[in-house]
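Participant: Residue numbers (numbering that gives the first Met the number 0), protein chains in the order written: chain A, 0 to 301; chain B, 0 to 301; chain C, 0 to 301; chain D, 0 to 301.
Don't read these hints as lab results, they were simulated from the structure. Since we're looking at a predicted model, the values are computed, not measured. Don't take each hint at face value.
What follows is a set of in silico ranges between Cβ atoms, one per label pair, in the way DEER data are often shown [said to hold, decoys possible]:
| # | chain 1 | residue 1 | chain 2 | residue 2 | range |
| --- | --- | --- | --- | --- | --- |
| 1 | D | Arg-295 | A | Leu-99 | 45 to 53 Å |
| 2 | B | Ala-2 | A | Gly-75 | 48 to 56 Å |
| 3 | B | Gly-172 | A | Val-149 | 42 to 50 Å |
| 4 | A | Arg-295 | B | Ala-126 | 37 to 45 Å |
| 5 | B | Thr-54 | D | His-157 | 42 to 50 Å |
| 6 | B | Gly-29 | A | Ile-296 | 48 to 56 Å |
| 7 | B | Glu-100 | D | Arg-295 | 41 to 49 Å |
| 8 | D | His-175 | B | Ala-2 | 55 to 63 Å |
| 9 | C | Tyr-23 | D | Leu-129 | 51 to 59 Å |
| 10 | B | Gln-10 | D | Leu-99 | 38 to 46 Å |
| 11 | A | Val-149 | B | Met-0 | 54 to 62 Å |
| 12 | B | Gly-29 | D | His-175 | 23 to 31 Å |
| 13 | B | His-157 | D | His-73 | 24 to 32 Å |
Note that beta-carbon positions come from the ideal geometry of N, C-alpha and C, so glycine has one too.
There are 4 protein chains.
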Amino acid sequence: MQALLDEIIEQTRPLIGQGKVANYIPALGGVEPNQLGIAVYSNDGELFTAGDAQTPFSIQSISKVFSLVQAVSHSGEAIWERLGYEPSGQPFNSLVQLELERGIPRNPFINTGALVICDINQSCYAAPSLAMRDMARRLSGNPGVVIDSVVAASEYEHRARNAAAAYLMQSFGNFHNDVDSVLRSYFNHCALRMSCVDLAHAFSFLANQGVSRLSGERVMSPRQVTQINAIMATSGLYNEAGTFAYRVGLPGKSGVGGGIIAVVPDRYSICVWSPELNPAGNSLVGLQALEMLSDRIGWSVY
Amino acid sequence: MQALLDEIIEQTRPLIGQGKVANYIPALGGVEPNQLGIAVYSNDGELFTAGDAQTPFSIQSISKVFSLVQAVSHSGEAIWERLGYEPSGQPFNSLVQLELERGIPRNPFINTGALVICDINQSCYAAPSLAMRDMARRLSGNPGVVIDSVVAASEYEHRARNAAAAYLMQSFGNFHNDVDSVLRSYFNHCALRMSCVDLAHAFSFLANQGVSRLSGERVMSPRQVTQINAIMATSGLYNEAGTFAYRVGLPGKSGVGGGIIAVVPDRYSICVWSPELNPAGNSLVGLQALEMLSDRIGWSVY
Amino acid sequence: MQALLDEIIEQTRPLIGQGKVANYIPALGGVEPNQLGIAVYSNDGELFTAGDAQTPFSIQSISKVFSLVQAVSHSGEAIWERLGYEPSGQPFNSLVQLELERGIPRNPFINTGALVICDINQSCYAAPSLAMRDMARRLSGNPGVVIDSVVAASEYEHRARNAAAAYLMQSFGNFHNDVDSVLRSYFNHCALRMSCVDLAHAFSFLANQGVSRLSGERVMSPRQVTQINAIMATSGLYNEAGTFAYRVGLPGKSGVGGGIIAVVPDRYSICVWSPELNPAGNSLVGLQALEMLSDRIGWSVY
Amino acid sequence: MQALLDEIIEQTRPLIGQGKVANYIPALGGVEPNQLGIAVYSNDGELFTAGDAQTPFSIQSISKVFSLVQAVSHSGEAIWERLGYEPSGQPFNSLVQLELERGIPRNPFINTGALVICDINQSCYAAPSLAMRDMARRLSGNPGVVIDSVVAASEYEHRARNAAAAYLMQSFGNFHNDVDSVLRSYFNHCALRMSCVDLAHAFSFLANQGVSRLSGERVMSPRQVTQINAIMATSGLYNEAGTFAYRVGLPGKSGVGGGIIAVVPDRYSICVWSPELNPAGNSLVGLQALEMLSDRIGWSVY
C-alpha cells in the first residue's frame with residue numbers, strides 16, 4: 000500500500016498546474032497550489048500516508064458530512080421532511096431547482112441542503128460552531144483542529160448567493176432560524192482546518208459500521224452508515240457524482256479547498272488533497288489520484 | 000435464501016393495490032396487477048425463485064441496459080461524446096434539461112439518452128431489433144424470448160414525447176439516423192417479453208466481472224462492468240436513484256412494466272417484478288421486496 | 000363620462016366576492032373587500048370620479064412607476080445597463096429567470112427589477128423614502144400622502160423572497176447598496192397610501208407629454224413618457240400584460256393593494272381600485288371596470 | 000412623407016453589414032444582403048415607397064399574422080383554449096416553457112403557437128397552403144404572390160426543432176392533425192414571397208378597423224383588429240417585443256427573411272425589409288428605419 004501511494008503521488012503530481020485554485024474569496028485564493036497529499040486509514044488501524052498528508056487545509060464542503068451526521072444523530076429520519084436524498088443534476092449552487100421544488104433541497108450535500116441541515120442543527124445546539132469543532136476534534140483525535148476565522152469572515156462577506164438560497168427557503172417556510180446566524184455557523188463549519196490524516200481518522204466510522212476506529216466511539220448505527228455512504232455515492236461530488244462513480248466507484252465527498260474523502264466500506268477511510276480544482280469544483284489531481292488508487296486495488300463497490 | 004424469498008413474497012404481496020399499473024398505452028394497461036415474482040441467480044450457478052418468476056412481462060426500460068451493453072461493445076468510450084453518465088435530477092421524460100444542455104442527454108438510462116444509444120446502434124446493425132432480441136435470447140438462454148409486436152405498435156402510436164425528444168436532439172446535431180426508424184427500434188426493444196428468471200440469467204455477467212455465468216460468454220471487461228453498474232447505481236431508477244441507493248444500496252434498473260433488475264457485485268444477479276408502479280414510475284412492491292432482501296442479507300454495497 | 004363611470008361601478012360591483020384580497024401580510028389582509036372606486040383625470044383638467052375614489056389604499060407595486068420615474072430623471076438611459084425592458088413571461092416573483100439571466104432583471108415592473116431601481120435610487124438620495132413620499136405628494140397635490148409604517152414593517156418582516164432576489168443579484172454584482180437598507184426603502188414605497196384621485200392626479204404627466212396637468216411641473220420629456228408608457232404596456236401587469244393589452248389596450252400598472260393606473264396617451268390618466276385580486280395578482284373588478292371603460296369609449300391604443 | 004422615407008433609406012443604408020442574413024437553411028442564406036425597402040400605405044389610399052420596396056422576399060414569420068387572421072375568422076375566441084396571448088419572455092423556439100406550461104403555447108407569434116394555429120386551420124381547410132396563398136393574393140391585390148417551393152422544401156428538411164415542438168404539444172393532447180402534414184403547411188406559409196408594397200397593402204385592414212383599404216373587403220371586426228394589434232404589440236418581435244415598444248411604439252411583426260410589418264392604428268400600414276438580422280432575429284436596419292420613422296412623425300401609440 001505504501002509503495003502504491005508513493006507511486007500515485009509521483010505520477011499525479013505533474014498534473015498540478017492544470018486546475019485552478021478556488022478564488023471566490025481571497026482567503027482561499029492564497030493557498031499554495033503545489034501541494035498534494037493522501038492518507039488511507041484501515042479498519043485494522045493502520046495508517047498510510049504520502050505527500051502533504053499532514054498539512055491542514057480548509058475542509059469546506061467536506062464539513063457537510065459532519066453536519067449531516069450531527070443532524071441524523073439527534074433528529075433521525077425526521078430530517079427527510081425538510082430535504083431529500085436524490086441527486087440534483089444541477090450546479091451546486093443553483094436556485095432554479097430550489098424554486099421549482101418549492102424550497103425543498105434535493106440532498107444534504109448541495110449548499111441549499113447543507114443550509115437546511117445547519118438550520119436543523121441550529122435549533123439543537125446552543126453553540127453550533129463549537130459543537131461541530133469539538134466533534135471534528137474528537138473524531139480526528141486531534142485537539143488542534145480549529146476554525147479559520149479569517150476564512151469564515153471572508154466567506155460571510157461573500158455570502159450573497161447562500162443568503163439568497165436561505166431566504167428563498169425561508170419564503171417557502173423551510174428555514175426556521177435567523178438567516179444570518181445560520182450563515183455564520185455554516186461558514187464556520189466550512190472554515191475548519193484539517194489535514195488528510197485528520198479526515199481519514201475522522202471518517203473511519205463510515206468504513207467501520209458506525210464505530211470510530213480511532214476512539215471506539217459508536218457514532219451511528221450500521222444501517223445509518225450505509226445510508227450516508229449511499230447519499231455520498233449518488234450526490235457527494237456536486238455535478239460529477241456520476242463521473243466519480245464511473246471512475247472511482249466509492250462513496251465520497253469533496254470540498255472547494257481541494258480535499259476529497261472516500262470510503263471503502265468495511266475496509267478503509269481515505270482522504271486526498273490538492274488545492275487546484277477542475278471546472279466542476281472538485282480537486283483535479285485528487286480525483287486522478289483516487290481513480291488510480293481505486294483502479295489498481297479494484298476498490299470500486301460496483 | 001429460498002426461505003427468505005418465500006417470506007418476502009408473502010410479506011410484500013399485501014402491498015399490491017397501493018400502486019398503479021402503467022396505462023399510457025392500452026397494451027400495457029391490461030396486465031393483471033396481482034402478480035409478483037423474484038429470481039436470484041448466484042455466481043455459483045444456483046437459481047432461486049419465488050412467486051411469478053417464470054411469467055414473461057414487458058421489460059420496457061430494462062432494455063436500456065441491453066442497448067448500452069451493445070453500444071459499449073462496438074463503440075467503447077466513444078459513445079460518451081454523445082451523452083453523459085451523470086444523474087439527471089429530472090423526471091425521466093423531461094425535455095427542459097435536454098434543451099438547456101444543447102441536446103446532450105444526461106445518461107443512457109433516461110429516455111433521451113437511450114434514444115441516442117439506439118441511434119448509435121442503428122448505425123452499426125443491419126437489423127437492430129433482431130440483434131437486440133438475439134442478444135436477449137443468448138444471454139438469457141431462452142430461445143423463446145420475443146418482441147411483443149402489439150405493445151411495440153401501441154408504443155409507436157403514442158410516440159409523441161419520444162419523437163419530440165429525438166427531433167430536439169436532431170436539431171442540435173446529436174441524432175444521425177432517421178427519427179422514425181430509430182423510434183421503431185427503440186419501441187421494439189422496450190417490447191421484449193422476458194421473465195424474472197430470464198433477466199436474472201441475462202444479467203449474470205454484471206455480477207460476474209463480465210462473463211455470463213450461464214453461457215460462459217465474455218460480454219464485457221471487468222472494468223466495463225463496474226462502469227455500467229456505476230451508472231445504474233447513480234441513474235438506474237429515474238428520479239429515485241438516490242432513494243434506491245439509500246434503501247437498497249445496489250446497482251439497478253427499472254422498467255414501467257414493473258420489473259427491476261439489481262446486481263450484487265461478484266455475487267448475484269436479481270430480478271423482481273410486480274406491475275403496479277409508484278408515482279416515480281418504479282414497481283412499488285418490487286422496490287419493497289428488494290429493500291427487504293438487501294436489508295436482511297446486508298447486501299448494500301455502501 | 001360621469002354617467003358612464005357610474006354605470007360601470009354599478010355593473011361591476013356585483014363581481015366583488017369572486018376575487019381574493021392579498022393576504023401574504025396581515026396588514027394588507029385586513030382591508031374591507033367591498034370597495035370599488037374610479038377616477039379619470041383629463042388633460043383639460045376635468046376630474047371624474049365614482050365609487051370609493053377618495054379612499055386611500057396601499058399603492059404597492061404602482062410605486063414602481065414612481066421609482067422608475069425617479070431613476071430615469073437622475074440617471075437617464077444608463078439605468079438600462081442594470082436591467083431590461085422586456086416582458087418576463089414569468090410570475091412576478093420568480094428567481095428562475097433571474098438566475099438564468101445572471102442577475103439582470105427583465106424589466107422595472109417585476110419585483111427584481113424594481114429592487115434594482117431602488118438600489119440605483121438609494122445611491123442618489125440621502126433619504127430615499129422621503130424623496131419618494133415628497134414626489135407622490137407633489138405630483139398628487141395632496142400633502143396628506145403618507146407611508147403606512149405598519150404595512151411597511153409587516154412587508155419587511157415577510158421579506159424573505161425579496162431578500163433572496165436582492166442577494167441573488169448581489170451575487171451577480173448587480174446590487175451595490177446594503178440589501179437590508181434597500182429593502183426598507185422598497186417596502187416604504189410600496190406602503191404609500193393614496194386614493195384613486197391622488198393617483199389619477201399624480202400620473203397626469205404620463206398622459207400629458209411629461210407635464211403634470213395639476214402643477215404644470217415638467218416631470219420628463221415627451222420621448223421619455225412614450226418609453227415609460229411602452230414598458231407599462233408590455234410589462235405593467237405581471238403575467239397578464241398580454242391580457243391587459245388584449246382586453247383594455249392601454250399602458251397600465253397594477254398593485255396587489257387592488258389599484259390599477261392606466262393612461263390614455265394625450266388624453267386621460269385613470270385609476271381604478273378594488274381590493275380583491277384575480278389569480279394573477281391583479282384587481283379582478285378593477286380589470287373588468289377598465290375593460291368596460293376602454294371598450295365603451297374605444298380607448299384602446301391598438 | 001416621401002422625402003422622409005428617402006432620407007431614412009439614405010441614413011440607414013450604411014448600417015448594412017452590421018447584421019447577419021439568416022442562414023439556418025441554404026435557401027435563405029443566399030439572399031443578397033445589400034437590400035433595403037420601405038412601403039407606407041395610408042388609409043387615404045396613398046402609397047409611399049423607397050428603396051427596394053417592390054422586391055419580393057420570403058415573408059417567413061410575418062405569415063403568422065395571416066394564419067392568426069384565418070383562425071380568428073373561422074373559429075373566433077375558441078382558439079384561445081389552445082394557446083394564450085401573453086408574451087413568452089423566451090427565445091422564439093424554446094421548448095422549456097412549452098413543457099412547463101403543459102403544451103399550451105404562450106401566443107400565436109412564437110413558433111409553437113403558430114404551429115397550433117396551423118393545426119387549427121388544418122382542420123378547417125381542404126388545402127391550407129392554397130387557402131393561405133389565395134388570402135395573401137387577395138389582400139395584397141397581387142395575383143403573382145407565390146409560395147417558394149425551394150424554400151419550403153429546405154425548411155421541411157431542417158424541421159427538427161419545429162417537429163420536436165409539434166410532437167411535444169401532441170404529447171400533451173394539444174395537436175390534433177398529422178404532425179408532418181401540418182409542418183408542410185406551416186413551411187409553405189413561411190415560404191410565401193411578397194414585397195414591402197404587397198405587405199403594406201395586405202395588412203391595411205389592421206390600420207383601417209378591419210376593412211381592406213385596397214379591396215374594400217371586411218376582413219375582421221374593429222374589436223378583433225385591436226385585439227390582433229394588441230398581440231402584435233406585446234409579442235410580435237420574439238424576445239424584443241419590449242424593445243420594439245420602447246423604440247418604435249407600434250404593433251408589429253417580424254420575420255427572419257428580414258421583413259417587419261407595423262401598424263399605425265387608424266392611419267397607416269407599413270412594411271420595411273432588409274435581410275440582415277440582429278442577434279434577436281429581427282431585421283437590424285429595418286428596426287432602425289422604423290424607429291426613425293416613428294420618432295420623426297411621433298407615431299408611437301404610447
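Participant: Could you run down the list of hints and mark each one as holding or not?
Facilitator: Cross-check of the supplied hints:
no., hint, result
1, D:Arg-295 to A:Leu-99: 45 to 53 Å, "holds (47 Å)"
2, B:Ala-2 to A:Gly-75: 48 to 56 Å, "violated (32 Å)"
3, B:Gly-172 to A:Val-149: 42 to 50 Å, "holds (49 Å)"
4, A:Arg-295 to B:Ala-126: 37 to 45 Å, "holds (42 Å)"
5, B:Thr-54 to D:His-157: 42 to 50 Å, "holds (47 Å)"
6, B:Gly-29 to A:Ile-296: 48 to 56 Å, "holds (51 Å)"
7, B:Glu-100 to D:Arg-295: 41 to 49 Å, "holds (46 Å)"
8, D:His-175 to B:Ala-2: 55 to 63 Å, "holds (57 Å)"
9, C:Tyr-23 to D:Leu-129: 51 to 59 Å, "holds (55 Å)"
10, B:Gln-10 to D:Leu-99: 38 to 46 Å, "holds (41 Å)"
11, A:Val-149 to B:Met-0: 54 to 62 Å, "holds (58 Å)"
12, B:Gly-29 to D:His-175: 23 to 31 Å, "holds (26 Å)"
13, B:His-157 to D:His-73: 24 to 32 Å, "holds (30 Å)"
Taken one by one, the earlier hints fail for this structure only at number 2.
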